[in-house]
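Chains as they are written, first to last, in my numbering: chain A, 30 to 131; chain B, 763 to 1176; chain C, 4 to 169.
Just so you know, these hints were derived from the structure itself, not from any lab.
Any given hint could be a false lead.
Stated by the list, open to error - The calculated EDC-like cross-link candidates involving lysine to aspartate or glutamate, where the alpha carbons are at most 20 Å apart (straight line), are:
#1 K94(C) with E124(A)
#2 K94(C) with E125(A)
#3 K137(C) with E1019(B)
Keep in mind that this is a model prediction, so the values were computed, not measured.
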Amino acid sequence: MIPLHWYLLVAAGMFAFGVYGVLARRNAVAILMSIELMLNAVNLNLVAFWRYLAPTQLNGQAFAIFVFTVAAAEAAVGLALIISIYRNRETVIAEEINLMKW
Amino acid sequence: MGDIFTTISTFLIGLLTGLGVDPLLAHIIVAFLGAFLIANFVLLILIVNIWLERKVIGRMQDRIGPNRVGPWGIFQTIADLTKLVSKEIIIPSGADLVPFMAAPIVAVASVILVWAVMPLAKTAIGTDLNIGVLYMVAVSSLGIMSILLAGWSSNNKYALLGAFRAVAMLVSYEVPMILTLMVPVLLSGSMQMGKIVSDQQIWYGFSMPVAALIFYIALTAEIGRSPFDLLEAESEIVAGYHIEYSGFAFAIFYAAEWAHAFTVSALMAALFFGGWQGPFAETIPTLGIVYFMGKTFLIYFMSMWLRATLPRVRIDHTMSFCWKFLIPMSLILITLVVLVDKLAALAIGESYLDTTTMLAMTPRSLALLAVNLVTGAFAVWWIGVMGRRERERLAALEIKHVVIETSAAGQQAK
Amino acid sequence: MAFTPVTFVFLLMSAFALGGSLGVVINRNLIHAAMFLMLALFGMAGLFILLEASFLAAVQILVYIGAISVLITITIMVTRRIMGTTESVNKQWPLAAIVAAMIAGTLGFVLLGRFQNVEPVGAVPDTYIAEMGKALVSHQGYLLPFEVASVLLLAALIGSIVVARE
Chain A
30 MIPLHWYLLV AAGMFAFGVY GVLARRNAVA ILMSIELMLN AVNLNLVAFW RYLAPTQLNG
90 QAFAIFVFTV AAAEAAVGLA LIISIYRNRE TVIAEEINLM KW
Chain B
763 MGDIFTTIST FLIGLLTGLG VDPLLAHIIV AFLGAFLIAN FVLLILIVNI WLERKVIGRM
823 QDRIGPNRVG PWGIFQTIAD LTKLVSKEII IPSGADLVPF MAAPIVAVAS VILVWAVMPL
883 AKTAIGTDLN IGVLYMVAVS SLGIMSILLA GWSSNNKYAL LGAFRAVAML VSYEVPMILT
943 LMVPVLLSGS MQMGKIVSDQ QIWYGFSMPV AALIFYIALT AEIGRSPFDL LEAESEIVAG
1003 YHIEYSGFAF AIFYAAEWAH AFTVSALMAA LFFGGWQGPF AETIPTLGIV YFMGKTFLIY
1063 FMSMWLRATL PRVRIDHTMS FCWKFLIPMS LILITLVVLV DKLAALAIGE SYLDTTTMLA
1123 MTPRSLALLA VNLVTGAFAV WWIGVMGRRE RERLAALEIK HVVIETSAAG QQAK
Chain C
4 MAFTPVTFVF LLMSAFALGG SLGVVINRNL IHAAMFLMLA LFGMAGLFIL LEASFLAAVQ
64 ILVYIGAISV LITITIMVTR RIMGTTESVN KQWPLAAIVA AMIAGTLGFV LLGRFQNVEP
124 VGAVPDTYIA EMGKALVSHQ GYLLPFEVAS VLLLAALIGS IVVARE
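So that you can see chain A by itself, here it is in the shape it has in the complex (with noise of 0.2 Å):
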C-alpha cells in the first residue's frame, strides 16, 4: 500500500505549480490553467485524506464532486469574461487589462 504523504506531496507540489503559474504568467488563459491546477490539487487530497483515514463515510468524495462543479462553472464563466475582454481590449495579457488600476 502506498503511504499517505507521498499522495499528500504529490498535491502540495501541483499546488506549488499552480500558485507560480498564477503570480508569473502573463497570459490571462494561462492563469486560469494554473488555477485548475490548484484546484485539482485540492480534490487530490480531499480523496486521498477520504481513502485512508474515513472511507465508510461519503463527506470526502461529497466535497470532492463540489469541488469538481464549482470548478466547471468558475472556469466557463472566467473563459467567457476573457473572450469579452479580448473584443474589446485586443489584448488577453493581464498586465495591459489596466483601465482601472490608480
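Given the coordinates of chain A, assemble chains B and C onto it according to the supplied hints.
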C-alpha cells in the same frame, strides 16, 4: 463451461506459472495479451466493414460496388490502405508538430478504449468495472480533444472552422446520449455493463423504443455519419478538420472513424438489444459472442442504410434539432419513466423488480412501453408543430422578399 | 517498501501529474500548455483510480478533460496572439518562484511531520456509489448543496452565454 477467451487465458496462466513465472506477472502478461487481441480485432474488422459498406451502399444505389480487386472486390480495402500507407505525410508549413501527430493517435485510442468494458459473452468481458457506462462516456469524450488539436495544428483557417463546427455538434449531442444512456442504467440499477446485459431477459429496446431511438440518433451524430455528415462534408468544406492530413496520418483518422461506427453499433446492441442474450447463450458462452456480433452487424447494416438514403442535415438545423427537440424529449422521457416505474412498483409490489425470467419482467416492460408510446406520440405531434412553424416563418420571409423586389423593379422602371 | 506494480503505476501517474503541471506553467506556446494540462489531469485521474475512487476518476476525465480542457483550448484559439514573440512570464517571476517554493516547503514540512506512514483505516465499502447517489438526494445527506450547485451551474451557464455574446 467457459467461453473461448477464458479457456485460453486460464491455459496460458497455467503454462506460465508452470514455467516458473510469478503468478501476478503471469496474470499481467495474459491481461496485456487480451487487450492486444481486442485492439487488433477492432482495427482488423474494419477491413471487412469498409468493403461491406461499399458493396451494400452500391447495391442500394443500384450499382455494383468494387469488384475488380479479388473475387467480389474483397481485397479492395487492403489495396486502399496500402496506397495510403505508401503516400508521404505532408506536413503543412507553420504547423505545430506535436498536436499534428498526437491528434490521430488520441482519436483511435478513444475508440479502442471503449472495448475494454464491452460484454462479449457471459464470462468474457475485458474488465467489469462497476462504473462501466460512465467510463465509456468519459473515454468517448476524449475524441473531441483530438478534433480540436487536428483543426488547430493544420495552420489552416478552414480546418479550424471545420473543427469548431464539429466540436460544437459533438458536445451538443453528448447530452441526449448521456440522458438516454441513463435508461438502461435505471432499469438495471447498476452501471456495470455485464449486469445490464445479463438483466435483459426482455430486451430494453422492446420496452423502451423511444429511448433507444433517441440514443441511436445521438450516437449517429457522435460518430459523424450521415445524416449528420457535416464533420467531413466533402462537397462543403472539403474534409473538415482533417484537410491537411495525408498518408498514414489520414489512414489513422479514417480507421478511427470506421472503428467508431462499429463500436457504436456494438454499444447499441449491448445496451438496448440484449448483447449476448439468445437461445443457449447461458450454457455455451461462445455462442454469446456469435449473437453479439450478429446483432452488431445488423445495427451496422441499419447505419449503412441510413447513410445511403438520407441527405445531409445543415449545421443550424442539427443544433436546433438537438437543443430544441432531443434534449427536452429525453428529459421528459426520463422523468416520466422514473415516475411510472416508482408508481407501478408501489402498485404491484415485490415482484416488479424481478429480472430472472422473461415472464417476471413483463409487467415492467409493458408499463415502460406504454410510457414510451405516449411520449413518442407527443414527440411526433410536437415535431409536426415545429415543422409547421418553420414553414410559416419561411413563407413569411418569401412574401417580404417579393415585396422588396417589386418595389426595386418599380424604382428602376421609372 | 516493496516495488510492487502498484508503486510503479503510482510513480507513473505522479510523473504525469507533476510533469504536466510543470509544462503548464513554463510553456510559452499556449496550445502546448493546454496539452500538458490534459496530461496532468489524466495523471490525476490515474491517482484517483489508485485511491479506489473510480467514480471520481471517470467524472474527472469526463468533466475536466472532455469539457473544461476543450473550453480552454477553444478560448486559446479564439484569442490568439502571435505566439512565441512575447515572454511567457512577467517581471515578478523570481518572487513568484520563491513564494511557490515556500508554500511547497511549508506544506511538505507539515505533511511529513504529521502524516508519516499512515495506513488505510479500512476498506472502501462495495456499494459506495449507490450510497453516494442516495446521499446526494436525501435530506439528511447533501440535498441542499446539490440543489445549490445546480442553481450555480444554471447561473454560470446563463452568465457565460450573455457575457460572451457580441
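Hints and how they fare:
no.: 1; hint: K94(C) with E124(A); in the structure: holds (10 Å)
no.: 2; hint: K94(C) with E125(A); in the structure: holds (13 Å)
no.: 3; hint: K137(C) with E1019(B); in the structure: violated (38 Å)
Hint 3 from the earlier list is the only one contradicted by this structure; the remaining hints agree with it.
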